[in-house]
Structures are given as structure tokens and as C-alpha cells.
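Going down the list, the sequences are from chains A and B.
Each residue of the first sequence is one higher than the one before, starting from 1 at the first, in the numbering used here.
Each residue of the second sequence is one higher than the one before, starting from 1 at the first, in the numbering used here.
Keep in mind that the hints are not guaranteed to be accurate.
[Stated by the list, open to error] Here are the simulated SDA-like cross-link-like pairs (lysine to any residue), alpha carbons at most 20 angstroms apart as the crow flies: (1) Lys27/B x Leu60/A; (2) Lys27/B x Arg61/A; (3) Lys3/A x Ile27/A; (4) Lys35/B x Ala64/A; (5) Lys112/A x Asp58/A; (6) Lys41/B x Leu28/A.
Hints listed in this document are in silico derivations from the structure and should not be mistaken for laboratory results.
Given the structure is predicted, the values throughout are model-derived calculations rather than measurements.
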Amino acid sequence: MNKPKFGVVVFPGSNCDYDAFYALRKILNYETNFLWHKDTDLNGSDVIILPGGFSYGDYLRTGAIARFSPIMNSVIEFAKKGGYVIGICNGFQILLEAGLLPGVLLKNNSLKFICKDVYLSVENYDSVFTKGIDRDKVLKIPIAHGEGNYFTDPDTLKKLEDNNQIVFRYSTKDGKIIEDVNPNGSLLNIAGIINKEGNVLGLMPHPERSCDPVLGKTDGSLIFNALANNLLN
Amino acid sequence: MFRAKVLIKRKPSILDPQGKAVEIGAKHLGLTNIKNTRIGKYIEFDVETDNRESAEKEVNDYCNKLLANPIMEDYEFTLEEVK
């Protein structure tokens, strides 16, 4: 594969779509296109980004209505055939509602919307999204969400652990995973997971907000670049 | 003690953006006969008194002053005695 082509889905209420486009196109130099929620054509994209925001006003449940958008039928089909999909924040919530990833995201246990930089320990270096990231690296990436408290039943949680599907966990600056740095009450400090097949990633932190050096942090680019490099190889 | 079950709905003339947004999902699901989706709130709580009349008064106060906005919402409730 050549350099992968990214497609950023725009739902009514997405508000990180331009951030994702800016980071991927302007900062990291990947061919990137917007994909309109009413369309069904993925425009030859190799990687689909479901961006952050408040799709359909978060009515009913976060992601519940966006999940039935026309574009999502194509995204689900694409993912089931092994296509690469990254759901960021609201995009993660949509992936869960769509059944592409297991579990739900509950209201933060503090009941507050939290917007701050967090540290992420990479728990699985074999995934297509993380392979090649320096093993000593703890990622500094911001979160911005009111509902990021990952929850699932004990059986599913065990499967996630057994299959190495937990990719990112909230940690201290030096990578220690302790409850004190869990911002939202997520089970096992979970910040991001992949599906069993490993082609769909959902995460609450915003890697696209940690790409432009002018913002003082660029660790988000490690994820996009790792994926691009792993697709090239 | 009484168990109160309160149902709060937007008045029929008031726009319900949530209902409208959710109905778009129904359309995408292919459920074409679904019309006029309206989303309300259902609230349960206990009222610690043995006097039904004072329980009703308190529930009305709670609804009128806090749970519902009488300008835009209607409410109804049931009170069930709990032994």
C-alpha cells in the first residue's frame, strides 16, 4: 500500500472533524477527505476517522443516532472486511453503539466534563495502531469528554484482557497505572481498545489535538504515523 | 410512605428537538411508519408521609417548582402507598 488515504466522517454535531483533517492533512501530510454522513461512498479511503463531537446532540445516548447514519452502513461493512477505523471520543461512542467494539461509555464518575492533558500507557505494542512506538514512551494527549467512563460486563472485560485488546490506559507521567490518574472512572483505567481482529480502534483521548508542535505536544502523531508506517510495510 | 411515579412531557405545541433527532434514526433504520416521536422524563421517588393529601401537595410542589417547567411541560403522577 502507498501512503494511506484518510477519510474523516462529518456528522451533524461533529466538532473535531476539522481538527482531525488539519492534523492529518496539514501537519502530517496525509491525503485526507471529509465524508458526509448522508453519503455512502467512502471515497477510496484506507482509514476512516469518526471524529469527536456531539453527533445528533447526543440525544437518547451518545452515538446512538449517528450509528444509523447512511455512511455508517458503509463504515461497518468496511470494518467487517478488515478496513481500518479509528473512533475518537464521540467516534468511540459511535463504534460502541454500532457494535464494532464491545462495551459502553458512561457518564464520568465525577459528573463533570473533563478537558485536560492526560498520560497514556501503551498496553499493546503489537497492534497496527501502535507497533513501532517507542516502548518507553508514555503518550501525552488531551481528553475532552463528559462520558468516557468505560464499562462492560466481567466476561467481556476478561476477553479484552485475554485478547490484548486494551491498547491505552490512563497512567502517571512515568507510565504507572493507578486509580488516582483515572479521570473518569473507566474500568481498569481503559482509555482505548481495539476489536478482536485489530482493525478498529476506539479511544477517548484526542490524538488529533496532539499533532501540531505549536500546541506543545505531538504524541498523537505517533499513533497516526505508526498506523501509516505499518500499512506501508 | 408513598411511592411517586412522575411522567413529564413537553406540551404538544412545544418543539422537541430530541424527539426529532431520534426519529431521524428511525428513518435510517427503515422504520417509515414512526411519526411524532416525543421524548419525556420519568422520575420515581418516595414521599415520607402517611397522609395522601399532603403527599400530593408535596409532589405537585416538587413538579411545579423543580422537576417540570409548567410553561413548556405537562406532568402527571401516581402515588402508591408503600407499607
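Evaluated hints:
1. Of the supplied pair hints, the one linking Lys27/B and Leu60/A holds, its CA atoms being roughly 15 angstroms apart against a limit of 20 angstroms.
2. At most 20 angstroms may separate the alpha-carbon atoms for a hinted pair to count; Lys27/B and Arg61/A meet this at roughly 17 angstroms.
3. For a cut-off of 20 angstroms, the pair hint linking Lys3/A to Ile27/A stands: about 15 angstroms separates their Cα positions.
4. Only pairs whose Cα atoms come within 20 angstroms are accepted, and Lys35/B paired with Ala64/A is accepted, the gap being roughly 18 angstroms.
5. With a C-alpha separation of about 16 angstroms, the suggested pair Lys112/A and Asp58/A falls inside the 20 angstroms cut-off, and the hint holds.
6. The straight-line distance between the Cα atoms of Lys41/B and Leu28/A is roughly 46 angstroms, outside the 20 angstroms bound, and the hint therefore fails.
Hint 6 from the list above is the single one not met by this structure.
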